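Please build the complete structure, drawing on both the sequences and the hints.
What follows is each chain in one-letter form.
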Amino acid sequence: METAVIANPDFPFFIRRLIENHHVEGVKRKGQSVFGQAYFYGPIEHPDDLCLDFDCTAMPPKKYFLPPREELLHFTTRPTLSASAAMEIKELILIGVHPYDIKAITQMDLIFSRGTPDPHYLQRRNAVCLIGVEPTRVAPRAFWASMGAASVDSGFDLMLTDIGVHYVVESRSLKGEDLLSRYAKTRPATAEEISRRERVRADAAGRCRQRGLTVAKEEIPLLLEKFTDAWLWEEKSGKCLSCGTCNLVCPTCYCFDVWDELAIDLVQGKRLRRWDGCLLQDFAKVASGENFRETRTSRYQHRFLRKGCYLLPILDDVACVGCGRCASACLADIADPVDVFNRLKEEACKGEPP
Amino acid sequence: MRIHPLPEGSPYLPVWAEISRIEQLTESEKLFELQLLDGRPLGHKPGQFVELSIMGIGEAPISVSSPPGRRQSFELAIRRIGNVTAAAHRLNVGDKVGIRGPFGTCFPVEETRGKDLLVVAGGIGLVPLRSFIKYVLEHRSDYGDVTLLFGARNPAEQLFLDELREWKERKDLRYLETVDRPDAAWKGHVGIITTLFPKIRVDPAKVFCIAVGPPVMYRFVILEAKGRGIPDDHIFLSLERRMKCGIGKCGHCQINHLYACQDGPVFKYADIVKVKEAL
Numbered sequence: 001m002e003t004a005v006i007a008n009p010d011f012p013f014f015i016r017r018l019i020e021n022h023h024v025e026g027v028k029r030k031g032q033s034v035f036g037q038a039y040f041y042g043p044i045e046h047p048d049d050l051c052l053d054f055d056c057t058a059m060p061p062k063k064y065f066l067p068p069r070e071e072l073l074h075f076t077t078r079p080t081l082s083a084s085a086a087m088e089i090k091e092l093i094l095i096g097v098h099p100y101d102i103k104a105i106t107q108m109d110l111i112f113s114r115g116t117p118d119p120h121y122l123q124r125r126n127a128v129c130l131i132g133v134e135p136t137r138v139a140p141r142a143f144w145a146s147m148g149a150a151s152v153d154s155g156f157d158l159m160l161t162d163i164g165v166h167y168v169v170e171s172r173s174l175k176g177e178d179l180l181s182r183y184a185k186t187r188p189a190t191a192e193e194i195s196r197r198e199r200v201r202a203d204a205a206g207r208c209r210q211r212g213l214t215v216a217k218e219e220i221p222l223l224l225e226k227f228t229d230a231w232l233w234e235e236k237s238g239k240c241l242s243c244g245t246c247n248l249v250c251p252t253c254y255c256f257d258v259w260d261e262l263a264i265d266l267v268q269g270k271r272l273r274r275w276d277g278c279l280l281q282d283f284a285k286v287a288s289g290e291n292f293r294e295t296r297t298s299r300y301q302h303r304f305l306r307k308g309c310y311l312l313p314i315l316d317d318v319a320c321v322g323c324g325r326c327a328s329a330c331l332a333d334i335a336d337p338v339d340v341f342n343r344l345k346e347e348a349c350k351g352e353p354p
Numbered sequence: 355m356r357i358h359p360l361p362e363g364s365p366y367l368p369v370w371a372e373i374s375r376i377e378q379l380t381e382s383e384k385l386f387e388l389q390l391l392d393g394r395p396l397g398h399k400p401g402q403f404v405e406l407s408i409m410g411i412g413e414a415p416i417s418v419s420s421p422p423g424r425r426q427s428f429e430l431a432i433r434r435i436g437n438v439t440a441a442a443h444r445l446n447v448g449d450k451v452g453i454r455g456p457f458g459t460c461f462p463v464e465e466t467r468g469k470d471l472l473v474v475a476g477g478i479g480l481v482p483l484r485s486f487i488k489y490v491l492e493h494r495s496d497y498g499d500v501t502l503l504f505g506a507r508n509p510a511e512q513l514f515l516d517e518l519r520e521w522k523e524r525k526d527l528r529y530l531e532t533v534d535r536p537d538a539a540w541k542g543h544v545g546i547i548t549t550l551f552p553k554i555r556v557d558p559a560k561v562f563c564i565a566v567g568p569p570v571m572y573r574f575v576i577l578e579a580k581g582r583g584i585p586d587d588h589i590f591l592s593l594e595r596r597m598k599c600g601i602g603k604c605g606h607c608q609i610n611h612l613y614a615c616q617d618g619p620v621f622k623y624a625d626i627v628k629v630k631e632a633l
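First to last, the protein sequences are chains C and Z.
Under this note's numbering, residues 1 to 354 are what the first sequence spells out, in order.
Under this note's numbering, residues 355 to 633 are what the second sequence spells out, in order.
Because the hints were derived from the structure by calculation, they are not lab data.
Hints should not be assumed to be uniformly reliable.
Unchecked claim - Derived pair list, reagent style PhoX-like, types lysine-lysine, alpha-carbon separation capped at 25 Å: (1) 226(C) / 628(Z); (2) 525(Z) / 553(Z); (3) 525(Z) / 622(Z); (4) 270(C) / 450(Z); (5) 628(Z) / 285(C).
Quantities reported herein were computed from a predicted structural model and do not represent experimental measurements.
Okay, here's the thing in structure tokens:
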């Protein structure tokens with residue numbers, strides 16, 4: 001489909017039609033926090049609920065694909081033992097996902113579809129019609145423009161860009177085209193509108209680059225591998241509270257734990273999974289009491305190496321999209337990847353002749 | 355957006371197995387003989403593990419202790435140590451449990467054909483190795499000299515006593531055992547497992563060393579094996595981690611870039627010698 005435009009006065013009408021016909025989730029404002037205005041994903045019941053000029057949501061949209069707590073199985077223990085997979089997934093439209101978060105979702109898609117695929121994740125993924133929006137505002141700790149995540153070519157059904165007076169909209173699927181033809185009043189974008197979209201993109205990316213990551217994304221795996229013994233790791237992790245907040249807010253953290261819940265009749269039960277975090281103290285502990293990542297340094301470093309090196313063969317990319325959530329959420333303020341990468345780079349430069 | 359093809363069913367759904375026999379091995383270990391209700395054999399290879407489910411309690415990775423392909427049934431030797439294993443110890447013959455798997459890599463049964471074997475078992479490291487040892491003894495003519503070293507903390511923690519006795523008497527297997535702390539009745543060797551090494555002779559050109567035991571044992575066994583000139587790619591180890599999902603997703607068993615549930619639990623030492631988190 002050619003690039004289209006939804007005129008500004010028609011946009012609330014489009015959202016209203018979506019709400020009338022589908023379950024819609026999207027970005028909403030939350031009261032002021034100490035960090036300023038906070039944004040989160042939740043149900044959109046009215047066009048005014050939706051906020052598309054957000055800088056970054058507190059939490060990524062991963063909960064729609066990998067819920068914080070999810071039923072995997074239902075089982076009965078008596079009179080005969082039986083179990084079945086829990087898969088009651090409802091379709092929804094998710095609106096307001098920035099390209100860096102779409103990139104993260106695309107990475108999760110790879111993880112959950114490779115090898116033995118995970119139908120619980122994939123079913124939710126298939127049930128989401130994803131409407132992205134390009135950022136016009138940049139969060140204080142964001143560096144997505146330096147991580148090749150300023151824009152994405154795939155992973156969405158529709159992509160919106162606010163060019164000031166109108167929304168430019170790009171479709172990437174039949175689902176997306178169908179939504180537009182049914183609910184939106186569109187017209188083809190003019191050449192001037194398309195070049196204005198380029199300027200909007202370049203402007204936001206330019207402001208995002210001011211964050212000052214001095215390392216090229218391609219250098220990150222080598223730097224991390226080379227300086228696993230750098231003093232920086234000890235220094236940073238020395239302040240780590242092992243709270244797992246960096247895992248919680250990360251759009252590419254997907255580790256999970258599995259446990260059983262038995263109903264009060266001791267007959268019916270559920271097997272559930274919930275998010276887990278490799279920064280938490282007992283993440284790698286086994287039943288005998290042995291903890292294979294006992295020190296804070298080993299856990300802190302593991303997260304960086306996993307993002308930068310370990311997942312590289314699977315993703316063919318670094319598993320950090322530069323959203324900056326870990327940096328702004330970390331209570332001890334040690335999680336900022338820009339700081340870690342830049343200082344590893346300094347370390348590398350020290351060794352080289354001027 | 356790409357529509358992702360959906361697999362049938364859930365990889366987290368276990369199949370059911372019935373307990374056909376329970377044997378108390380030591381104070382804290384029991385051997386369970388199990389049979390899948392659908393009548394299929396488990397189809398495992400020596401060294402692989404299954405996820406054992408006790409519905410309502412949870413799931414735990416347990417290595418298979420019986421050799422493959424003999425009967426429909428298979429055996430799990432389980433130490434009572436966590437929630438799931440404690441619940442397993444409360445079960446009776448006829449009770450049903452869930453099984454997923456088998457998962458992971460196996461001991462090098464093919465690669466070692468025609469070669470000598472030095473098998474080193476520390477404590478319940480004998481549990482997965484029993485599958486391998488029994489397989490080798492069932493195909494004895496396929497292998498060269500076989501030496502088995504077994505170390506336990508004390509005589510009461512020795513597992514599979516009948517089989518140890520049988521192995522001791524076999525002419526085609528050199529079996530040496532030790533305990534760290536003897537009791538009054540113990541007449542055998544005393545000391546950690548590496549104190550058995552001076553008693554054995556190996557041909558480094560022909561021998562493969564297969565070791566399973568606690569993490570601390572590996573450091574010393576590897577030193578001894580290397581001291582005998584055994585090359586790194588002839589040493590195999592099985593590493594314990596928290597394998598939660600078994601399918602390389604949940605992240606708990608990660609050893610640097612490797613997943614113990616898929617790339618392991620059996621690793622060639624040459625492949626992990628530079629992997630910092632391995633040992």
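Tested hints:
no., hint, result
1, 226(C) / 628(Z), "holds (13 Å)"
2, 525(Z) / 553(Z), "holds (17 Å)"
3, 525(Z) / 622(Z), "violated (29 Å)"
4, 270(C) / 450(Z), "holds (17 Å)"
5, 628(Z) / 285(C), "holds (22 Å)"
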